[in-house]
Amino acid sequence: MDNESQYSGYSYKSGHSRSSRKHRDRRDRHRSKSRDGSSRGDKSVTIQAPGEPLLDTESTRGDDRDDNWGETTTVVTGTSEHSVSNEDLTRASKELEDSSPLECRRFAAPVLSGALGLFALLTPLAFLLLPQLLWREQLDPCGVPCEGLYVSLAFKLLVLALSSWALFLRQPRATLPRLFVFRGLLMALLFLFVASYWLFYGVRVLEPRERDYRGIVGYAASLVDALLFIQYLALVLLEIRQLQPAFCLKVVRTTDGASRFYNVGHFSIQRAAVWVLDQYYSDFPVYNPALLNLPKSILSKKMSGFKVYSLGEENSTNNSTGQSRAMIAAAARRRDNSHNEYYYEEAEMERRVRKRKARLVVAVEEAFTHIKRLQDDEPAASSPKHPREIMDPREAAQAIFAPMARAMQKFLRTTRQQPYHSMESIIAHLQFCITHNMTPKAFLERYLNTGPTLQYQRENGRGRQWTLVSEEPVTSALRQGQVFSLRRLDFALVVTVTALPFLNLGEEFIDPKSHKFVMRLQSETSV
Amino acid sequence: MWTSYPSVPNMEPFDNNCTLPVVPGQPVTAVVQRIEIHKLRHADNLILGFSIGGGMDQDPGQNPFSADKTDKGIYVTRVTPQGPAEVAGLKMGDKIMQVNGWDMTMVTHDQARKRLTKKKEDVVRLLVTRKGLEQAVKNAMM
Numbered sequence: 001m002d003n004e005s006q007y008s009g010y011s012y013k014s015g016h017s018r019s020s021r022k023h024r025d026r027r028d029r030h031r032s033k034s035r036d037g038s039s040r041g042d043k044s045v046t047i048q049a050p051g052e053p054l055l056d057t058e059s060t061r062g063d064d065r066d067d068n069w070g071e072t073t074t075v076v077t078g079t080s081e082h083s084v085s086n087e088d089l090t091r092a093s094k095e096l097e098d099s100s101p102l103e104c105r106r107f108a109a110p111v112l113s114g115a116l117g118l119f120a121l122l123t124p125l126a127f128l129l130l131p132q133l134l135w136r137e138q139l140d141p142c143g144v145p146c147e148g149l150y151v152s153l154a155f156k157l158l159v160l161a162l163s164s165w166a167l168f169l170r171q172p173r174a175t176l177p178r179l180f181v182f183r184g185l186l187m188a189l190l191f192l193f194v195a196s197y198w199l200f201y202g203v204r205v206l207e208p209r210e211r212d213y214r215g216i217v218g219y220a221a222s223l224v225d226a227l228l229f230i231q232y233l234a235l236v237l238l239e240i241r242q243l244q245p246a247f248c249l250k251v252v253r254t255t256d257g258a259s260r261f262y263n264v265g266h267f268s269i270q271r272a273a274v275w276v277l278d279q280y281y282s283d284f285p286v287y288n289p290a291l292l293n294l295p296k297s298i299l300s301k302k303m304s305g306f307k308v309y310s311l312g313e314e315n316s317t318n319n320s321t322g323q324s325r326a327m328i329a330a331a332a333r334r335r336d337n338s339h340n341e342y343y344y345e346e347a348e349m350e351r352r353v354r355k356r357k358a359r360l361v362v363a364v365e366e367a368f369t370h371i372k373r374l375q376d377d378e379p380a381a382s383s384p385k386h387p388r389e390i391m392d393p394r395e396a397a398q399a400i401f402a403p404m405a406r407a408m409q410k411f412l413r414t415t416r417q418q419p420y421h422s423m424e425s426i427i428a429h430l431q432f433c434i435t436h437n438m439t440p441k442a443f444l445e446r447y448l449n450t451g452p453t454l455q456y457q458r459e460n461g462r463g464r465q466w467t468l469v470s471e472e473p474v475t476s477a478l479r480q481g482q483v484f485s486l487r488r489l490d491f492a493l494v495v496t497v498t499a500l501p502f503l504n505l506g507e508e509f510i511d512p513k514s515h516k517f518v519m520r521l522q523s524e525t526s527v
Numbered sequence: 001m002w003t004s005y006p007s008v009p010n011m012e013p014f015d016n017n018c019t020l021p022v023v024p025g026q027p028v029t030a031v032v033q034r035i036e037i038h039k040l041r042h043a044d045n046l047i048l049g050f051s052i053g054g055g056m057d058q059d060p061g062q063n064p065f066s067a068d069k070t071d072k073g074i075y076v077t078r079v080t081p082q083g084p085a086e087v088a089g090l091k092m093g094d095k096i097m098q099v100n101g102w103d104m105t106m107v108t109h110d111q112a113r114k115r116l117t118k119k120k121e122d123v124v125r126l127l128v129t130r131k132g133l134e135q136a137v138k139n140a141m142m
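These protein sequence lines map, in sequence, to chains A and B.
Note that the numbering used here has the first sequence beginning at 1, numbered continuously upward.
Note that the numbering used here has the second sequence beginning at 1, numbered continuously upward.
By construction, these hints were calculated from the structure, which means they are not laboratory data.
Be aware that one or more of the hints could be misleading.
Derived contacts from chain B toward chain A, CB cut-off under 10 angstroms, selection only [said to hold, decoys possible]:
#1 Ile-52
#2 Thr-80
#3 His-109
In this text, all values refer to a predicted model and were calculated from it rather than measured experimentally.
For glycine and all other residues, C-beta sits at the position ideal for the given N, C-alpha and C.
So here's chain B without its partners, still in its complex pose:
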């Protein structure tokens, strides 16, 4: 459940709660939560029940959820109540790091949408991170 996100060479630093030094080009570590969402079939679509924002082609300064305003990652902006995402434990403001093994820290908005809405997949396994996760892990370990 709580795992250390393997170091990924990121261009932008990821800073959740603790102040990690911002060094572009250096790998960043983060604490992530693994969330498994089962898609719900609604009419002809498979829906997950949340909305995403952000991406490589978007303006990072407008992101209300990111700690670092140059972070171009994919964030969860809304979670529909009682939807599959809320049931699985996704919260608003989460940053999605991986979807089914695909990296989401350096993708465009449209690529992220496509990775989440593949018709052939019924289940998506996300690695998300949020503020306070690392602190919660530390508290749990102590």
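This is chain A alone, in the form it adopts within the complex:
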């Protein structure tokens, strides 16, 4: 496929001139855009080249690269092969910065809470074991009641351990910008509890070497009860409170207006943001920058109709603004036919897509007829004159890929999807479909419909970097009328919060026998 040309890092980064920096920045954004979530990881800082018109970046991406590639490679600065230029240094340091905090921050909170939880779980056992180990001879023997307490203690600890594992032992899905209030609260509560129990234990049991073992066992049992209640509180606060819907979030993507509505419960802003992002990856169609803009031919016609001549003016800066204003005013007054062209261009585009799609469908259907699955009971070799070559799915896929390759490539190019599907990925998908006995239509589903963003992601351990932009502190609860946005490098999601209306549900009883019908009456009007 095309459009995946790579450039070596050095050749275009060496250059300090202003124009080359602009191109470099633009290309930086391109590279990170085109491979969304590439293995390099996304940087959290965007370099915004100021004052760039929207058109140049997206629609002419290919030309841009070809144009400027020749320009910047020939610029040579004072850096030699053995020295490291300034940009390389900053780039390397930035990468270093980003890598380590990201890794550490991700696991810090869960590790801490996991350690605390484990400590809390082992505390009752410690309470029981320490007297036995330290002053066993002096302990009062404890009969049946103790054994009952032992059993209940063991059972409760087991339940605690299992439920903690089921509920809380999970891969953290997101790092939140601020403290997760409920979780912090619960950790603090747990810590306080366990600490106070240990304090009392140390003062009342360990020091005077308490002899009443039954009391100690009762003490440990009460701690386990308290832990169970804390876990119940954690369950309610962290998991259950947000299940009942209370707000409706409208999520709009800034670049192409794709929008969705979601019903959520009571969240803080940051948790709601994480929730929205979870849904974003599977609901929203993938962001394709190539599909965005009006073709340049239509928009540029508006401005290019007029040429402004400056007659002997010296001050160039004033002139430019005056010029542009004059041009805008003149263009506004002129009769605007660009909507016509837009309409015809769209119709033409649609026709083209449909034609290519028809060709693709036919080619794929035909290709699929070339192979069939070998049944177990069929003899492998039908006759010596026509030996059947037995292929595994990969070879079969490669065999039938050839006739449909051209139609596929043309279709992908027309719908601007070619960055998302490399030849390798198409063959892999074909192999997958053949293995699972899918029809050509099922194979094509992936290319005819734009799938959600998750379908195009590559596995990335680093994760995606999103920035939460909000006017209110992100730990505050959701309220009616709040707006926050989740920004990424090249687009943003704007989220508006509306409260779900209060429902006044009334009741009306209809007797089944009351359904009776008559012919329509003559209406009578008095005049």
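Dock chain B against chain A, hints included.
Only chain B this time, still in chain A's reference frame:
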């Protein structure tokens, strides 16, 4: 007063007393009486003093006054005593054929009401027909 109603291409046949053959699409003749009602001003309204029923959008089978139960014409269902309509000679059960020149045999109920209650007109001239009219005409001519 007694005139022959000019033939009008009617979809439904109009049959008053004599048995006219029922042929849809063929013009129907009828004997009509010309009635002139002067509207009475009552508060802000002009009232005529009777009630109508029937119409293209109504159920003709419920009409107690029509001889033919598929007749969707406009019928007079009530006449208020001492009202302008009774004074002018309108009777209950009359079928209204024309109002001020507008045809009333193929109109909806609401259109009929509107034609009768135009605020600008003080006088409505109706052409009505009823059972026994033709017989009465024949008796009168003999």
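Hint-by-hint comparison with the structure:
1. Ile-52: Holds - the Cβ of Ile-52 of chain B comes within 10 angstroms of chain A, reaching about 6 angstroms at its closest.
2. Thr-80: Because about 8 angstroms separates Thr-80 of chain B from the closest Cβ in chain A, which is inside the 10 angstroms limit, the hint holds.
3. His-109: Status holds, d = 6 angstroms.
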